[in-house]
Each structure stands twice: as structure tokens, then as C-alpha cells.
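Student: So the chains spell out like this:
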Amino acid sequence: MARLTRLTLLFVLFLSLIGQLEAASLKVSPARFIVHNVEPGRLYDIYKETGVRLTIYNDSDASRTWFLSTHRPSERGRWETGYGEIPDATWCWFETDEITVEPNSSAHANLYLKVPDEEKYYNQHWVVTLSVGGKPGRGFALAVDIRVQIETKSKVGLKTKPYGLLGFEPSMIRFEDVVPGTTRIAPVVLYNNDGKEHTYTINSLFEKSDTKRVSYLTQLHKVIPDSSWIKRPEGKLRIKPGERAVLKMELRIPADEANFGKKWEDILLVEPDDGRAGFVRVQVQTTEKANAE
Amino acid sequence: MKRVILMLALAACLVCIAGRAWAAETDTITVTVSMESVVSVDVTPAAWNIGAIGESGGSGPESFTATNDGNVTEDLTITGANGANGWNIGAAAGVDVFAVTLDRGELSEDMLETSPVPLTSSLAPDAGHGFTLDYSAPTEDNQGGGVDHSFSITITASASP
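Read top to bottom, the protein sequences are chains A and B. By the count of the working numbering, the first sequence reaches residue 378 at its end, each step adding exactly one. By the count of the working numbering, the second sequence reaches residue 239 at its end, each step adding exactly one.
In short, the hints are calculated from the structure, not lab data. Hints should not be assumed to be uniformly reliable.
Residues from chain B that keep clear of chain A, each with C-beta distances beyond 10 Å, as calculated [to be verified]: (1) 124; (2) 148; (3) 170; (4) 186; (5) 187; (6) 188; (7) 196; (8) 206; (9) 207; (10) 210.
Chain B is faced by these chain A residues, among others (derived, beta-carbon under 10 Å) [said to hold, decoys possible]: (11) 114; (12) 116; (13) 260; (14) 264.
Beta carbons are placed, not taken as given, at the ideal position from N, Cα and C, and that holds for glycine.
Isolated chain B (complex conformation) (with noise of 0.2 Å):
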């Protein structure tokens, strides 16, 4: 007798293990993460003073640098925008188009575009990537003289994977 209830507790203890199991199968999610992860990113000089340009004029190469602040490898991207006041980003200056040529170093050039356009990838922590960016005015200006066309560049880390 005490042989059959002994089984039926270890039959008992059986079924509760595989509903707790069951259980966490179809509730439960559960998340990987390192929380010492961490991604930053900096830049140096964070201004580029352009100043006054003519039409179809140019800036000139202005060096900049962006530096891995996090603990990953990183992988960055730059990011041209639309300037305010009716001048556009383009691949080429043209009537209320302005263009900024990026030399990343080891890449080619590139025009900055308002979609994502890489700088660098695998970049080491704390280490940093040297990169010049030029400016186009456009060839014509349809707007007015002494109107503010200031416009945004983003430069964007995330982890390599």
C-alpha cells in the first residue's frame, strides 16, 4: 500500500513539473542581453561654421571627427537633410540644390543623401574616424538673398552585428 501511494505522489510531483514547464513554454518570453552593452557616439567639432557662399560656391573640406564612446564595435552612418527655406540635399548643386561631398578616408566619396549613407563600420571603442565633409551652394537661388538655409546633419551609431 505504501508502494502505491508513493507512485501516485511521484505521479503527482511529475504532473506539477511538466505544467510548470508547459507553463513557461507558451506564457513566458525571456530577453538575452548584456546590460553593460552600451552604444554612444561623439563628434568633434560639433559645428561647422560654413559662413557666407555665392552661388555654385563651396566651403572647402572641413575635417571632422566621430569617436565610438560605447563598449561594442559600432557601425556608423551620416545623414544629410533638406535645408530650411526651400533648398534641397542633392547628388549636384542646381537651382535651390545644395550638395555635401563626404570623404570617409578609405571609401570613396559619397554625396550625403537624406536617407542613411555608411561612414564606417566595426569601429573599435574609443576609437575614432576621421572624415571631411565639402559644400555646394546651389548654381541658382530662387529664394532671396540672405535667407537662412541652415539644414541638419545626423550621424548615427549602432552595434556591428
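Bound conformation, chain A alone (with noise of 0.2 Å):
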């Protein structure tokens, strides 16, 4: 008998209604964004400060619920380059669990922000991932995953050492109101806060062929049209086992009319011999022609 038992068929239904295939679509916007200048110790609602919400649209003649959730984005796949992991993912959530959306309608999400009050959150660049998906159950559920950059407020004279293995002060240097022509310097202090002692190279980001520039620029700016202009230390720079070096970064904007009126950024990626890169962010507004005169 338990031979029979062990023999009878096993149902295996992986996916028993047709009403279900309706399910087998969802759609998801933004599909990433940027949020910058966050301030440790400060709760933002991205919404009610910037405007921005998921959009979660169904296209279906049924209502849709789905489940939100916030996560590192080492659990879900591939993340930007440059950017660390949220230390703690529940530093990001939603307003709500889950939502439903009405037929042939689109539902919002709304998202809080909120890092510790800690002098080592600021310069950071980290990703968070935020997920969209069906409750499981049998048969194919779908997800979206919407990955956020979150870039903490640029702050010099710190008194920690910034948090991550590899730390920037600051973490983004602007140049404002330059003049086609002339030399800015500005300096960045690099810290390996590892156990052991480790050599960078610094390159621009854009640089990269492979590189989607799009996932990296601020609003209302442009790619600097020549990484060159920036000038950066050459070659590899060692740093030895939590310790730090002042780097000098040069900026210099050939004197030419096309060049005035300009907003401009670069992403310079620094890459450690072993472990993930991080970067600065230069961005570059160049004075207008006539103030100039």
C-alpha cells in the first residue's frame, strides 16, 4: 500500500488557473532616479520634497495587489558602478506593504528616507533596491526592482573617518562660476579604512564605453565634453592600511566662447586594486560670457 501510495501520481500544478495569466505582466516607473544632497539624521518623504513616487501601472481588466519591499542591492542583481550598498535597507521604506491597483489604472507608492544621525553617513554614494512584486504562491509571479542612488550630503572637516571601506571628504567638489580659461584647484582627501594596504587608479567614469551616462548625470547637467580638463593623479596611488591622502584636482576650462554658460559633470571612479570603486562627483558651472567681461 505504500508502495501504491508512494507510485501514485504526484500533481504537481504549477500553475492551475487561467485567470493567473493575466498576472504575467507588470510595469513599473521611474525605472531608477538619483537623490542627492541627503542629510544623516534628517526623514525625508520623497514625494512631498521632490515630487517623485513609483507608478504602478495595470493594464489588466482585474485588480492587481502588490507587494513592496526595500532591499541591499547585493539580494537582487547588478548595481551602478561606483555606489556601496545601503548599510541597512530598512533605512529606506515604503508608506505601505502592498498596494492595489484598480483595472486599466496606475497606483502610487510613496517612499521614506531616513539615515542615521552619524557624522560617517555623509559623502556616501550607496544604491538601495526597491521591489515591486506578486505574493508567491504557484505559478509565475513577476517582480521589478527599481534601484535608487542615494547620495549623502558633501561635508568637509569631518571628525570620523567617512563610513565604507573606501571613504571621499568631500564627496563631490563644485566648481562655480568659472571662467573659460583660467585654474581651479580643489582637494579631495582619500581614505582606505581597510586592514590592509591598497593602490588606486583614478579614471573618469564616462570614459567607459560601457557606461549608460544617463545613470550617473545630475539634472540640468551635461557630460564634461573632456574628461582632460580635470586633471587627476596619474598612475597608481598606494594608501596604506587606514590611512589617507590628499589628492589635488586641477581644473582647468579651455578659453574658448563655446565654453561659457556651461553646466557640466564628471563621475572620477576610484578603483582599488582589490574590492568595489567609489567616486567624486565634479560638477563644473562655468560663468556666463557676459560676466565674464
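These two chains come separately, so use the hints to put the complex back together.
Tutor: The structure is reproduced here in C-alpha cells:
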């Protein structure tokens, strides 16, 4: 009898309801976004402050319920070069854990963010993954992951080392009112917070052919036409464990009429011999020609 | 005297402008987003009726297509799940353990797990990616015949970095 039981056909109903066919489509917008200038200790209602929230579309004739969650990106797949993982994904949360979207309609999901009020969390570039997915059950479930690039406020004069194996101070250099033809210099402190010595190379992320520039640029900024206009240390930079190095970034925009009144950006990627890369965001705003005269 | 008043007014203006710039830096966040960007995924066929299988039996390969219905290039992952009523998913079929083999085409075969496995990367909008799944039933069942051991498979889409 036991053998008969074992031999009884085992029913594996992978998807039994034809109605669930309609569940095999999920659409969410935006696909990704960057939040700049996040101050540790402050609670942000992202929609209230920026007008950005997730929109979940339902193109079917039946209502759909989706579940919302936040994750560290390594749990979900690849993410943007130069960004680290948010230390704790619960620092970012949705207003509600599930959302029902009426037929042929859309619904919105609001996001909140609070980074703990600790000085080490300034100058950080992190990614958190937002997940919109169906309730696990039987059959095909669909999910969409939205990556949010979180950049905490750039700050100098820190009393503690910035968080992470590779730290920056500041994390963003802003050259304002630059007159083409003149030279500007800005220092950046690079921290090796690892327990072993590292060598680092510094290059423009935009020089890499596979870089999706739109994934890194700040709104209203374009890629700097020539990354060599920002001189940085060449070759390999060696920093002992627990120590730091001061780098000098020198900006010189050619004295050309076409270079007035521009907003450019570069991402200086700092790649260690071992481990994840980090970056310094460099923004350049050149003066209007009339102001320079 | 007029010159002095003018200078004072100019200085006051500069303080105001500087104050506004400072406030913008300390109190506000900005978001860079392309509102037109949409991530979307569709799977066809949406059903896989494996049917009745004996111990150590297999379903045979079944073909599916995941389509990028969004307007950005997408990475897709596929994640398995444990079955209902005491069956778990595993790297190989065993006692109360079933396995699902994934053939992604250009990539080598893989086994579904409860953590995400890459399905394809940099899939262009409107493009589809074919894959096959092959189910292997447990070699021995301790839960009894006729029990529902259904499980789910999740296809996850995200914008390619």
C-alpha cells in the first residue's frame, strides 16, 4: 500500500488557474532615480519633497495587489558602478507594504528615507533596491526592482572617518562661476579604511564605453566634453591601511566662447586593486560670457 | 552718500543671495529621474502545467519567453521557491526535494534556487529572451500521494546598470 502510495501520481500543479495568465505583466515607473544631498538624521518624504514616487500600472481588466519591499542591491542583482550598498535597507521604506491597483488604472507608492544621524554617513554613495512583486504562491510571479542611488550630503571637516572601506572627503566638488581659461584647484581626501594596503587608479567613469551616462548625471548637467580638463593623480596611488591621502584636482576649461554658460559633470571613479570602486562627483558651472567681461 | 547707500544695498543683496544658496545646500534634496523610464516584464506562456509525475520522473523541457515591455534595457533574474506541503526546491532531486533545471540558451544550464539566478542581461526594449525549464520530481515522497506541491517561479526585471 505504501508503495502504491509512493507510486501514486504526484500532482504538481504549476499554474492551475487560467485567470492568472493576466498576472504575467507588471509595469513600474520610474526605472531608477538618484536622490542627491541627503542629510543624515533627517526624515525625508521623497514625494513631498521632490514629487517623485513609484507608479505601478495595471493594464488588465482585474485588480492586482502588489507587495512592496526594500533590499540591499546584492540581494537582487547588479547595480551602478561606484556606488556601495546601503548599510541597512530599512533606512528606506514605503508608506505601505502592499498596494492594490484597480483595473486599467495606476497607483502610486510613496517612499521615505532616513539615514542615521552619524557623521560617518556624510559623503556616501549608496544604492537601495525597491521591489514591487506579486505574492508568492503558485505559478509565475513577476517582480520589478527599482534602484535608488542615494548620495548623502558632501561635507568637509569631518571629525570621524567616512563610512566604508573607501572613503571620500568631500564626495562632491563643485566648481562654480568658472571663467574659461582660468585654473581652479580643489582637494579631496581619500581614506583607506581597510585593514590592508591598497593601490588605487582614478579615471573618469564616462571614459568607459559601457557606461550609461544618464544613470549618473545630475539633472540639468551634461558630461564634461573632455575629461582631461580635470587633472587628477596619474598612475597608481598607494595608501597604507587606515591612512589617507590628499588628492589635488585641477580644473582648467579652455578659453573658448563655446565653454561659457555651461553645466558639466564628471564622475571620477576611484578603483582599488581589490574591492568595490567609489567616486567623486565633480560639477562645473562656467560663468556667462557677459559676467566674465 | 548715494554711493555708500548703493554699496550697502548691494551688500544686502549679496547676503540674501548667499543665504538662499546656503539654505538650498543644507535643507533640500534633489532627485534626478527620467520620468518616462518604465520597467516592465511579461512572460509567455504564463502557465506550465506539469501534470502528474511519478517519483524520480521529469516533466521534459518546456519553453518560455520573457519579454521586456519597458523602455529601458533590462536585466532579468529568475527565482524558484519551495513547494507547498513539505517539498523543497534543491540543486538535485532527492527525498521530498524537487529540482528545476534552467536552460538560458547562450549561458550554461543552471538550477533554480530560492535566491535569484541571472536569466539574461541588457535585454533591449521589446526584445524577448527564450528559456526552458525542466522539472525533476523527488526521488522519494514522504508526504503522501495526491498532495498539492505547487510552487512559484518569480521573474524579476530591473533596469540594466
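Student: All hints, please: hold or fail.
Tutor: Against the structure, the hints:
Consistency note on residue 124/B: stated as away from chain A, yet its beta-carbon is not over 10 Å from all of that chain's, at 4 Å minimum. Look at residue 148/B: its CB is around 7 Å from the nearest CB on chain A, not clear of 10 Å, so calling it non-interface is violated. A cut-off of 10 Å between C-beta atoms confirms that residue 170/B is not in contact with chain A; the least separation is 17 Å. Separation of residue 186/B from chain A is adequate, the least Cβ-Cβ distance of about 18 Å exceeding the 10 Å criterion.
Distance check on residue 187/B: its Cβ is at least 19 Å (rounded) from any Cβ of chain A, clearing the 10 Å threshold; non-interface status holds. The beta carbon of residue 188/B is kept farther than 10 Å from every beta carbon of chain A, the shortest such distance being approximately 15 Å. Not every beta carbon of chain A lies more than 10 Å from that of residue 196/B, the smallest distance being close to 7 Å; the non-interface claim is violated. The Cβ of residue 206/B sits about 13 Å from the closest Cβ of chain A, beyond the 10 Å cut-off, so the non-interface label holds.
Its beta-carbon lying about 14 Å from the closest one in chain A, residue 207/B satisfies the requirement of being farther than 10 Å from that chain. The Cβ of residue 210/B sits about 14 Å from the closest Cβ of chain A, beyond the 10 Å cut-off, so the non-interface label holds. This hint holds: residue 114/A has a C-beta 4 Å from the nearest C-beta of chain B, less than the 10 Å allowed. The criterion of a C-beta within 10 Å of any C-beta in chain B is met by residue 116/A, whose closest approach is roughly 4 Å, and the hint holds.
Taking 10 Å as the C-beta contact cut-off toward chain B, the hint placing residue 260/A at the interface is violated, the least distance being around 15 Å. Interface hint at residue 264/A: violated, since its Cβ lies 19 Å from the closest Cβ of chain B, which is beyond the 10 Å cut-off.
Consistency with the previously given hints fails for numbers 1, 2, 7, 13 and 14, ordered from lowest to highest.
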